[in-house]
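*Asks:* Residue strings, one per chain:
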Amino acid sequence: MKSCDKLVEIGRRQFLRGGAIATAGAAAATIAPKAAKAQAGSALLEYPSSRLGSVQNLEVNEPLQVAYPDADAPGVLLKLGKRVEGGVGPDGDIVGFSTTCPHKGFPLSYNASGRTLNCPGHYSVFDCEAGGLQVWGQATQNLPQYILRVDDNGDIFAEGVDELLYGRLSNVL
Amino acid sequence: MAFKRHVDRLPIIPADAKKHNVTCHYCIVGCGYHAYTWPVNRQGGTAPDKNAFGVDLSKQQGPETDAWYAPSMYNVVKQDGQDVHLVIKPDKACVVNSGLGSVRGARIAENRRSDVTGTQQQRLTQPMVWRYGTWQPTSWDDALDLVARVTARVIDKDNENDLFVSMFDHGGSAGGYENTWGTGKLYFQSMKVRNCRIHNRPAYNSEVHSTRDMGVGELNYAYEDYGLTDTIFLVGANPLETQTNLFLNHMIPAIRNGARVLVVDPRRTVTINACEIEAGKDNVLHLAIQSGTDLALFNTLFTYIADQGWVDKNFIAKSTFQGDVAQRQDSKFPSALGSFEMARSACKMSLAEGAKICGVSEGDIVKAAEWIAKPNEDGARRKCVTAYEKGIIWGNDNYRTIGALVNIALANGNVGREGGGVCRLGGHQEGYFRPSDAFIGRPAPYLDQLIIKGHGKVHHIWANDHFKTTLNAVEFKRVYNRRTNLVKEAMDARAGATREELIDAIVGAIEAGGLFSVNVDIIHSQIGQCAHVILPAVESGEMNLTSMNGERRMRLVEKYMDGPGSSAPDCLIAARIAQHLGRVLREQGRDDYAAQFDGYDWRTEEDAFMDGYHTANPDVTYDRLRAMGNNGVQEPVVGYKDGKLIGTKRLYANGEFGTSDKKARFCGGAWRGLQAPGKASEKAKYKFLINNGRSNINWQNWFLDKDNDFVSDRYPYPFLEINPEDMTELGLNPGDLVEVYNDVGATQAMAYPTPTARRNETFMLFGAPTGTQGNVINAGVNELILPNYKQTWANIRKISDAPATVAHLSFKSKEYATD
Ligand code: SF4
Ligand code: FES
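Same order as they appear, the protein sequences are chains H and F. With the working numbering, the residue at position 22 of the first sequence is 22, and numbering never jumps. With the working numbering, the residue at position 39 of the second sequence is 39, and numbering never jumps.
Keep in mind that the hints were calculated from the coordinates and are not lab data. Wrong hints could be hidden among the right ones.
Said to hold, decoys possible - For lysine to aspartate or glutamate, the following EDC-like pairs were computed, each having C-alpha atoms within a straight-line distance of at most 20 Å: (1) Lys-59/F to Asp-72/H; (2) Lys-641/F to Asp-619/F; (3) Lys-59/F to Asp-70/H; (4) Lys-367/F to Asp-307/F; (5) Lys-18/F to Asp-80/F; (6) Lys-348/F to Asp-312/F; (7) Lys-367/F to Glu-353/F; (8) Lys-59/F to Glu-46/H; (9) Lys-453/F to Glu-475/F.
Bound-form chain F, shown alone:
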C-alpha cells in the first residue's frame, strides 16, 4: 500500500500563536511561508476567536483556503529549550507564491528534527571525532583543537595549497549571506585557499561564465516579467518540477493570458504537458533536439533572426559593444566576445545545417524564431523571456552555449525591459557574500581530480556530498576512501596517545598519501563516512538566515526553533575554527600568521551578517528586512525611505551592462560538436543516452528527504525513465533494478516505463542516495572546469526483479491526462 500517515486530525493554531517569517529554504523560487509556534500544552479551537485564522473551523473549508494545513506542515520541536507545536504553511500574501506550497516546501515542518515525533533523527547533534575505531561524541573545544592543530601543520603564511576546501556557495538551506561570509572570510581573507570547490561542481567557478563576461548577470529579470511577455522560451529547464511555484504562480497565468511557450529539451517533461493543457498544443512548441546540440540550434536561430532583420538596432547601437572583438578567445575565454556583427559571422549557421545537427525540422526552427523575435504586427518589439537551467549549464560546451542563448536576447533587446530577461532558473536560492576569489584564477583548479591524483593534505568540507553528486564518482570514492582510511588507521594505531602523539601520527599518515577530512554538515553524509572530525551545523529557521531568490528577492528567515543539540550556524563554526587556529598558531610562536585569524568575535549570525553583507549594503539590516516581511526587497538595494528598503525590479533597465564600458558583448562561439573530452567516443560506444536531472518530489541530493517516509516510499531507488520497447528488449518489467554501466563506472536504478521517452534515450534521477548517477559521468569538463552531466552514454542490464520495497508502487504516466 501507498504510504499513509494515519493522521486524521491536527492541533489547531491558537489565535495568539507566535508567527515568524519564513522563506522556503529549498529551491531558488523562495516561496513565502509562516512558521506558527505555541506551547505544547495548548491548542486553539474551532470557534473563530479561538484560532489564528479567525474562521469557523468546524466547517469544511474550500479550495485554496488559508485555514488548512497538511500533516506534513506540522511537527513538535524545541524552541528556547521547550517543546512547542510548529506549523509551517504557505503565505497567501507573498507575491512569489500567493499561498502555494510545493511537494517539497510543504514538508518543511515534517523535515525538522523532533525528539517527540521522531522525525529527522539523522540530524547531527554534537561534534564527533574518530576515536577507538569509530566516531565518538565530544565537545566543540576538543574537536576544534584537533582540527586546528592538524590544519596548522599543513598551512603557513602565503602557503595554503595543501588545505583543500569544499564549500557551499548558495542561499537557503544552511547557506545564506551569513554563512557564505563566515566561510568566505576564513578561506579567502584570513587565508587564501586556492584549492577549493563549490557544493555541486568540482571547482570554484561560475556556472555561467559567458553571460557574466558578456555583461549580463544571470538573474536579471523580475518574476512578473512572465506576466508581461509574449513568449516564454525555456531551455534545458523543467520548471514545473524544479521551480514549481514560479511555474504555477507566474508562468501558468501568463500562458492562460496568451503567452506562447517554446521548450528546448531532448526529453518531454511534465512541464510541456502542463503547458499544452493550458495553452493548447498550437501554442506550445517543443524542440526535442538531439542531446547536446543546443549551441547549433541557438546559432541557427541567431543567424535566421539577424537575417530577417528582427533585431533591435537602437539597442544594439546604444547598449552593446561596437567594433569587432572586445575579448579574444584564449585559455580563459572559450570564445571571443565582441560586437553583434562579429558574433553574426562567427556563429553563422544555415537552417539546413542547424536542422540536421539538431534533428528537428527547418520549419520548427523558423517557427521558434518567429515566436522569439518576429516583431508584432504594429512593429513593436516581441517580448520574450528566456529561462535556462541545468540542461545547458551542465551540458555540452557550457560557455559557448549560454553565450549563444544570451546573443539572441541581446539582439532583440530583450534584457532589462518589461516582459524580457535572459536568466537561469536556478537550483538553490542565492546568498553569496565573500571576499574576492580573483586570486583563484581561471581556469580554477579541478579539485576532485587533484584529490584523485593524491594532492591535498587536509580537506575541510562544508555541506558538500561529493559521493552522491560529483562526476567520475566511482574513482573519486575509491581514492577518497583509501586516502582517508590511511589516516583512520594511523589514529587507531595510536589509541590512548597524547594529543601531540596523535597529531604526529596523523601528519605521518598524511605525508604517506593520506588525507585528513573535516566534515561540517547537518547530517552524517556519505562522504562524511570518511571524516575524522564531524561538526554539526544548523539550517535555515534554526538560525536567522538571509538569502535571495531567482528574481533577487532578499528575505530574512526568522529563527523559529532550536538547532539539534549543540549544533551551530556555519558562520559561527567558521569563526570558532579561525579562533582555534589563531590560538594554536600563537602557541607555536607564529604570531604574524595568527593575527590573520583575528576579527571573528561574532556572538550571533547577525554579527556575521553585519561584518559581511552589511558593510557593502549599509541600508540593509535584520530589523529592516524583518519589517519587509515575506515580500522582502529585490536586490540591489538602493536606499531606505519611509520605513522601507528600496530595491531594483530588474537589472540593466537603463541599458547599461556589467562590463567596464557598460556595453554588453555578443559571444562569437561556433558549434564544435561534443566539446568535453571523452564524450564523442562514449556516445559511439554505448547504446543508451543517460540523461539525468532532478525530480519534483525530492529536494536536490535528498539530504533530508532520504529520511522522509513520504518521499523514500515513492522512490526507494532512483528512477530510470525508459521507453517500454527498450524495456522489452532488455527483459525488464516496471520497477526492476537495472545496472547502468560504462567504462567510467556503474550505478543502479529502477526502471520506470515511459512511453514518451525516445528509443535509447533514458533519464535517470540525479543525486539519489541509493544510486549515484555521477558514477557513470566521465571526468570530462569544459575549459573552465564545468562538468558535463547531461551527455552521458552507457549500457543497461537487469540486476534483479522489482524488490519488495518497490512492489506497491505505481509506474503509471506522470502526465496529467484530460481524456
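Next comes chain H alone, as it looks inside the complex:
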C-alpha cells in the first residue's frame, strides 16, 4: 500500500531516473533562477528572465531538471531531437514545462520512450511533443509550458509560463 506522501516520493524518484543528469542529484541539476518579485495589481504578470541552461549542455531525450519562475516551481528542459511547435534552439526542438501536475500537484515523471510526462497521482499523461497536451487525465489544463528564448551564446532563458501553475494563485509569487 502506498500512501500519498510515498507516491510523491516515488514520482520524484521516477522523474530522476528519467535522465542522465539525474544521477548527479536534484540540487546539482537545478539551476537557480533569479529572484522573482510579486506583482501588485497588473493585468499581466511580469516574469523574470531566467537562464535555465544552455543549448550545448542538452542531450536529446535527457531531461534537465530546472525551476521557474522561482526555486519552488520545479520544471524540466527537454531537447526532443525533433522540431516541435513552440520549440526553440537551432533545431527548434527545445521545450520546457512545469513538472507539477496541474490536477492535484503531484510531481510528474518523465517517460523517455513515450516522451510524455506522467503523473503517479491519478495517471494523467502529458505529451512533451505536443505543447504539453494532456493525452489523457484529470487535469483541466494542458501542462504549463515555458516561453523560452535562446541567446547568441546558446543560453536558454525562460520568460513566461502559459498556464497557471499548480499550488499558487499567481505564477509569480
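Go by the hints and put chain F with the ligands onto chain H.
*Replies:* Relative to the frame of chain H, chain F with the ligands by itself:
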C-alpha cells in the same frame, strides 16, 4: 499547439466570500464542491486573514492543497442581478471525493454562462417561436399560449395518445427531484401520456428490469463497501473514466489494501491499466470476452460456483424464493424468475462451452470464479462487490445478462452485506420522483419507431437530444426533419396571420403528417433545430436542486447564480404549461378536463419539491438537507433526530428484498446468442466491431462541452480507437477522418491508433456533436425496448487526411506507463 488559456493568476477568494453547497451535477458519483461568490470589485489577499483558506498564499502550496483552484474553476457570473466572482472547487470534507475533482467536475465554473468572460454563450436566454422563417425571441406568455393551444387541439380527456413526450428522468444537470416531479405531475397525473421516452433510450422503461424484478434494486450498496471487500468485480464498466472519483477515492485505496480486481470487458481500458499499476498484474484479471457474450460467461461462472458449493446456503434458504418458478417467461418477462435450483438448471453451462463462446480460457474462468466466490481459508464468505454499467445495460440480451450477474451475487449472499453489493455504476445522478408510470405497461411503446412510422402530432421534448444519442439515428433524423418541416412551412405560409389562423394552419400540417415540436432545453440542441417553440431552462446551481448519487446519497445543491435571461427551472416551466393548458381548455368550455391541470401554484422549485418528494418523505426538507451539507444523507431516509436526517447505509441489510414476499428471485435465462434483431447478420456482414461509449474528458452528449475550448480542442471529432495494423490496411494515419458505415447509416470519426485494441475491434466515442455514433446502430432492441448499442458492426473507409483542427493533437497511448 495545445490549447492554453494564458491565465497566470486568479482573484483570491476573500475570507468573507459566500460559500454554497454544491454537488457536481455531472456524473453519478456526485462529488462535493463548494461555490464561493463575492462582489466583482473585491478580492482577497495572500495574508492568512485576507483569504478564505486562512493560509499564506504568497507561498507555494503542496500537493492536494485545499488552497488552490484552477482557471477552469473560476468565472464571473450574475447573482441577484449583480456580477460576482465565482469559484467552484472540490470539498475536502466530502466523503464521496475527499477533495478530488475530475476533468469534468473541475470545469463546472468554466461551463457556467458568463457575459463577462464569454463562456457558454450558447445557453438559451429567452423563449423563441418559429416566425418569419426563423426563431424569434418572445415572452413566456406568448410562447406558452402557442404550446397550449396546439397541444389542446390534439389531446382530450382520456385520450392523450397523440401527444408524444421525451423527458429526462435523471438527477443532477437540469434533472433532480424537483424537475422530474414537475414534468411527471404534468404528464402522468394531469395527463396520462403513454407515448413517452427517457433521455437516453427510445422508450419509457427501466434500464435494469431484471434486477428489479428479482427484488434487488440496482443501487443497493455504499461506496465504503469497496474498502471492505476482497474482490471488485467490474463488468462492462470503465470507472476511471466514467465514475472517476468513485474509482480514485474508493476503489484505488481498496486495491492498495489488497482487494483483487476482475474486469469483464472486450476492450482494455485505462481502468485496467490503473488497476494493474496499483495491484500488480497478478491481482488483476481481465476477461476480454467476445463482444456480447457476457451472459454465457455469467451462466458458466454461476454453474461452476454452484457446482463447487461456494454458495451461501443459509442466505439462499432464508432470503430467496423457495420452490421452482415464481414468474414464468412471457412477453413481459424475457426469462423465468424463481429459485436457485430453477436457475441452476436453466442456466447450466459447462466450462468448456462457456470458454468457447466467450473466447477466454477455462483456467481464467475458474480463476474468476475463485476470486468471486471461493470462501476464504477460515471458511468465511468471500466478499465481492459487483459493479456493472453500459457494457451490459446497452449490450446483448439486457434482461437475462443482468439477471445472470445478479444470480452470482445472490448465490454468494453478497447483497445487503458489508463488502458486497451488486450495483450499476450509473451515468447521471438519480433524482426520480413521479406519479406511477404503471399505466404505460410493458413493453413500453418504442417512441422513436412510432415517430418514424408517422405517429404522434405534438412532441414535447425535455432535455433530450435524440439526434445525437438515439439509435437508428439517420432514419430518425430524416423523418423528424421532414415531419417538423411540414409544420414550419405551414407556419411560414401564414406569416402575419392571427393566432387562430396560425393554429389552424399548424393543425392542418399535423393532420397531413407533420409534427409540432416543443423543445425545452438549456441550449439550442441538434433536435432543437426542428423545434417550433423553444423554452429555456436552468441547470443545477441556477436553481436549488436535489439528487442522489450511486450510493443513494441525497444532497441539496444551493442556488449560487442566476439562470441566463428569463430561463426557468423545468418544474416551473411544466407548471406554466399546465396553467396555460388549463386556461385554454376553460376558454374552450372543457372545464372538466381543465380541472386536471389545477394544482401548480408553485412559486419556487422548493414548492415543487414539497408538492412531490416531500409528500412521500416527510422528514426531508430543504432546510434539513442544507444542514446535512455535502455529505447529505443516504436514501431512504428513515427519520430525523438531534438535528440530523437518518439514512440507510445499504439496502436489504435485513435479508428482505423488494418483492411481494420479500424473497429475492434468481433469473433462469439461458444463453441464446445475439438476441436483438439484425445483430447476428450485421456481424456476419461487416468487418469491424464498432464498440462505443463515453470518455473521461467530456460529459455525456457534450451539451456544454461542445462549447468548452479545452475539451473541443482535444477531440474536435469523436475518436475511433483502432489497431495500428488495421489502420495500415485502411491506409490511415493518426487523426485521419474515417467514415463508419453499414446498411443502417454512416457517421464520421477520427482514427486514434490504439495498440491494445484487438484486430477488427474498434471503439468509438459516443454522443459527440461532430459524429453521431447512433447513426450506425440498428433499430434492434430487446423484448422490453432496451437498445443494443455495443454490438454494432460496420465497415470503415478513409474520408480525408487529418484536418487542420487535428494537426496539433497527440495520438499517443492514453495509458500511464511506469517504464
Ligand atoms: S467524478 Fe463525476 S461527480 Fe465527481 S467531479 Fe467528476 S464528473 Fe463530477
Ligand atoms: S495529481 Fe496528477 S493526475 Fe492527479
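*Asks:* Next step is simple, just say for each hint if it's right about the structure.
*Replies:* Against the structure, the hints come out as follows:
| no. | hint | verdict |
| --- | --- | --- |
| 1 | Lys-59/F to Asp-72/H | holds (9 Å) |
| 2 | Lys-641/F to Asp-619/F | holds (10 Å) |
| 3 | Lys-59/F to Asp-70/H | holds (11 Å) |
| 4 | Lys-367/F to Asp-307/F | holds (15 Å) |
| 5 | Lys-18/F to Asp-80/F | holds (13 Å) |
| 6 | Lys-348/F to Asp-312/F | holds (19 Å) |
| 7 | Lys-367/F to Glu-353/F | holds (16 Å) |
| 8 | Lys-59/F to Glu-46/H | holds (18 Å) |
| 9 | Lys-453/F to Glu-475/F | holds (11 Å) |
Every hint, counting from the list given before, is met by this structure.
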